[in-house]
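Protein chains in written order, with the numbering used here: chain A, 15 to 791; chain B, 5 to 254; chain C, -7 to 143.
One thing to keep in mind: the hints can contain errors.
What the hints assert, rightly or not - Computed footprint of chain B on chain A; a stretch qualifies when at least three of its residues, placed anywhere within it, have a C-beta under 8 Å from a C-beta of chain B:
no., region
1, 483 to 489
2, 634 to 641
3, 723 to 733
Said to hold, decoys possible - Anything over 12 Å on all C-beta distances counts as not near chain B; from chain A, calculated:
no., residue
4, Arg38
5, Ala131
6, Pro190
7, Arg292
8, Asp513
9, Gly697
10, Arg703
11, Ala705
12, Arg713
13, Ala715
If you are wondering where the hints come from, they were derived from the structure by calculation, not from laboratory data. The beta carbon of each residue, even a glycine, is placed where N, CA and C say it ideally should be.
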Amino acid sequence: MTTRWFGAPVQRVEDDRLLRGLGRFTDDIDDGALESVLVRSPYAHARILSIDVSAARAVPGVAAVYTAADLPFGGTDLPILIPHPNLKHGRTQRCLASEVVRYAGEAVAFVVAESRAIAEDAAELVEVIYEPLPVVITPELAARAERLVHDDVPGNVAAEMTQEVGDVDPALAAAPHRKALHLRFERGAAAPMECRAVWARWSDHERKLTVYDSTQSPTSIRGGLAVLFGLPESSVEVIAPDVGGGFGPKIMLFYPDELLVPHAAMQLGRPVKWTEDRQEHFTAVNQERGQVHEVEVGFDDEGKVLALSDDFIHDAGAYTPYGIILPIITAGQIPGPYRVPNYRVRFRDVYTNATPTSPYRGAGRPHACFVMERTLDTIAIELGLDRVEVRRRNLIQPDQFPYEVGVAWQDGKKVIYDSGNYPALLEKTIAMLGPRPAGEHIGMGLSVYVEGTGVGPYEGAHVQVLVSGKVVAATGIPSQGQSHATVWAQVVADELGVDVADVEVTSGDTRRFPWGVGTFASRGAVTAGNAMGVAARMVADKARRIAAEHLEADPADLELVDGRVSVKGSPTRGMPLAAVSVLANPVRYAFGGGTEAATQFTARPRPGPPLPEGEQPGLEATGYYSPPGSAWASGCHAAYVRVDPKTFRLEILKYVVVHDCGRVINPLVVEGQIEGGVAQGIGGAFYERLAYDDEGQLRNASFMEFLMPYATEIPPIAIDHIETPSPLNPLGIKGAGEAGVIPVGAVLASAIEEALGVPITEMPLSPLKLFELSTSP
Amino acid sequence: MKPPKFEYHAPATVEEACALLGSLEDAKVLAGGQSLVPLLNFRLARPQHLVDINRVEGLDRIYERDAGIAVQALARQAAVEDSSLVARVCPLLSDAMQLVAHRVIRNRGTVCGSLAHADPASELPAVLLALAGQVVVRSTRGQRVIGADRLFTGVMETAVAPDELIVEAWFPAPAGSFAIIEESRRHGDFALAGVVRAGQRLALFGVAPTPVLADPVDPTRGLRPSGDLEATSEFRLHLVRVLTEKALAA
Amino acid sequence: MKVNDIDHPAPTDPRRLLSDHLRHDLGLTGTHVGCEHGVCGCCTVLLDGVAVRSCLMLAVQAEGHDVTTIEGLARAGEPLHPVQQAFHECHGLQCGFCTPGFVMSVVGLLQKHPDPSSEQLDESITGNLCRCTGYASIRRAAHRAAELSKR
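Please work from the sequences and hints to get the whole structure.
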């Protein structure tokens, strides 16, 4: 394979359309659709005594109002997406609540009308009488279990899991030094710029349901709708068109609207759409990050960790549709790049009266990283050692791979690091960070982290060379800005020896590729990227077979270069890939595009049937990649900050990143992912939080009060790479999507702690929190 | 998040606008819309009538009078920010403008609209107060002048009657040195606390239901700020002391 | 109102926001809606050459005015507008949802100040939210746009 495109900073093929305003996001699609709104519970916990929709139904322009009683699936619990034996008390909501609501924002009724404004007018007339119930809002309160979120879930505990490697208690008892830490992470939100949206049309004469959905997993949505409506999957088309950022919550399914909109479209005989507004997005869309950790560490005089015990509570929210993946990831990633010979982790996944949680970029890892790095900083302070040196002494060494941590991973297997060079990351980062700036109230922070990327089960791809010589490629997973179309075109272009501009990638459209899982967990490049490579190689092999017959050459002697298949070393002995595509499909009727060359009276080079036995027509192939395990990316971040001791304003003076995602397909894209991830990390560490009050009301459900950083809050970020190729996949790549966000909280906590001289044990921070820490006795 | 129903009126003159405000029940003036339209979209404001003054001719002047700057009702904040006349006569107003939201908001937002909206954390009401400025209001009953010290009566409440329109704000030139300093979470946000100094007059914002005058020697005397997600009462008092010190040194 | 140099009939419903009118009545879906309270900047368009939030205007208010949307910068088949080109060159977009708002904000600045200072360029992007890029590439794009516009 030539490597003309792989690794090059190829400019994006997606841009032109998006820059001209010709992107196609779900809400851009109208086609005469009715619009809709969900009536949501204002209470965090309440019994529904009655719902009266008669006034809403009477509003001119209203097409329908649905409650649970009006739905054939109204009494069915939505699925638990990822069941787990430890999830003893998994609970999911129903599409529309009719008995009890368990978080403010839970859907109760659905109004369909000629316009969103009319639907909102009518929604105000839906009369729901609630009997408020006691609210459980923090994970600590939930664990205390004085009040229950679900009557039938004892102790509010959905799941409990304990894992141990080595023998922790004796190791702790024997350790020369011991330290306990109490660490806390509040809830945060992904807040993509595009809120969620669904558009659906039922075609009676085709018996076909077409759904546009801003989802991260159209293939799963399709499967679910087919089951729900009793249709063969071939009668359901789900398309995730351009998606305006996802960052995790759009992998959650099924949000109520994802069932209600298709149902209404089928019932009403008209396209129906629903577009979430920003206010409802804050409570209707899954959240993450709430955890409370009790850590105990034993270490020696050198600062080496001998034993680590962590007992944490994970805030599940009101339901557990996503299973217990988040706490499993946290538990699996706490040791990170460090050797922890004796490790015990126990978690309880507890219900609270807040929006359910599911992965948000980082997904359990920022907390894990925060726990380990705060622990190492504590060791450094305790022993009077340099923080860098403590990390140096604990890092897993390059000759220890594959390295088995010994605890469970999110794919049902064990955490096994496939490759990496953590000391190199650390030294390169420290060199990049350079000397400490002059001045007072300056702090340095750093963090080394790992990230299990590219989980299974699999992704697939279809690659076809058209008779024009252009290439089309498709995969089931969608894109929300990760530049998939560019990087996959690079992979395919290299295999087929064509220009990137001649490869058109379609993603997230079940009409083009019906199989696959979704885009999440930094897995797109690893899974779909390798599937693209597999399919393209199959096409290249086929092209060699076909061309070999016509060129009277050995397929092994042929190469694909510059859009031609030719004999290595003699480029004139060859044929265009377009011509091979024609020959790949023997035709009776020439239909233009050069296809006369494949008709029956044209000389064939070989006797026998026109289509050789075992061969399929067309220069195309479908390939799959199913990873044997996660490819473990890693990185190191470090920063200098200054904190104003009077206003507690944070100034990030320098921020550096060294990143290892194996072989880099496109450095522009990877750096963009990192810069964006770090910015989200800074937001999550110092600006953004979801502020619930005791009644379970989210008090900052707007961009006025949920403080996502503007350009003014984000410093320049210096980025460098090392490359330790993953041995687990043909391309040697590891995922990069979430990396940027993971260590930022740990880095800023360490730096701010040093700058202000106050211990930092929680995330996120704010000037107010720093003021209180600085002035508390 | 779509506005509730309302009746829309677009008067062409101040007189028509005042006639509408005088005759309609529950009418709101729509000027720049940068505060009102979000409230409409959230359905937090539900006026029966909107009186859009944007089609009123000749109401967007920024001019010098009585040793100060007069800013008419439709003068956009960006125009005030860019005005060399304002920079020369009342540079405090130019400085303050940089702290008001973001440029694209200032392109549409009006100075008089900010004063009428009277958000306690907003900069311009405090500037008017520090400078002892005034607004001129008009109604079918006539015209009157309201001093800044009487204009702001509560959280988002003013002494402007429902039938009155602020047609002009007057910002006297500061006597001596001046400063405006605020602490906000992000660039362009409303202030957690802010101070405006014009000569020896000190006005605070973000720390009381209205902008308030304060004693430069003891700026927090009598102050009981409310707390919210980003600042407790104590933090606001602390910031007032810190910012006052900076403002006095500036 | 005139949108991208083409006259369109007046909107009928006074509560129709300009953003919704452009998107759903005129089919100009390049203007995006991210918050409907004026904070995110995705819906930024030019009104008589000046950048404004289209979610904070009623469509009826634009009657008699010139509106320019992202679709009006470069016609189909024509090369990208210098600001669009700069965003492409600098990888200034990922999902592309906030992009039209950023582009229109920078276009608004360059129309008023063809030779802007570095500070003005930096400031031109400070009122818009982006959740993908972390802004560094957008900042580079704004500066690159000023260079390209001068050519």
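Here's how the hints hold up against the structure:
1. Only residues whose C-beta sits within less than 8 Å of a C-beta in chain B count toward coverage, and the region 483 to 489 of chain A has 0 of them, not enough to reach three; the restraint is violated.
2. Counting residues of the region 634 to 641 of chain A whose beta carbon lies closer than 8 Å to any beta carbon of chain B gives 0, which falls below the threshold of three, so the coverage claim is violated.
3. Counting residues of the region 723 to 733 of chain A whose CB lies closer than 8 Å to any CB of chain B gives 4, which reaches the minimum of 3, so the coverage claim holds.
4. At roughly 23 Å, the least C-beta separation between Arg38 (chain A) and chain B is larger than 12 Å, which holds for a residue marked as non-interface.
5. Distance to chain B contradicts Ala131 (chain A) as a non-interface residue, since its nearest Cβ pair spans about 4 Å, not more than 12 Å.
6. Pro190 (chain A), annotated as away from the interface, keeps every beta carbon of chain B farther than 12 Å; the closest lies near 42 Å.
7. Some Cβ of chain B comes within 12 Å of the Cβ of Arg292 (chain A); the nearest lies about 7 Å off, and the non-interface call is violated.
8. Residue-level check passed: Asp513 (chain A) sits 40 Å from the nearest beta carbon of chain B, beyond 12 Å.
9. For Gly697 (chain A), the non-interface assignment is contradicted: its Cβ lies about 10 Å from the closest Cβ of chain B, within the 12 Å cut-off.
10. Consistency note on Arg703 (chain A): stated as away from chain B, yet its beta-carbon is not over 12 Å from all of that chain's, at 8 Å minimum.
11. Here Ala705 (chain A) does not stay apart from chain B, with its beta-carbon only about 5 Å from theirs, under the 12 Å limit.
12. A cut-off of 12 Å between C-beta atoms contradicts the statement that Arg713 (chain A) is not in contact with chain B; the least separation is 6 Å.
13. Annotated as non-interface, Ala715 (chain A) brings its C-beta within 12 Å of a C-beta of chain B; the closest such distance is 10 Å.
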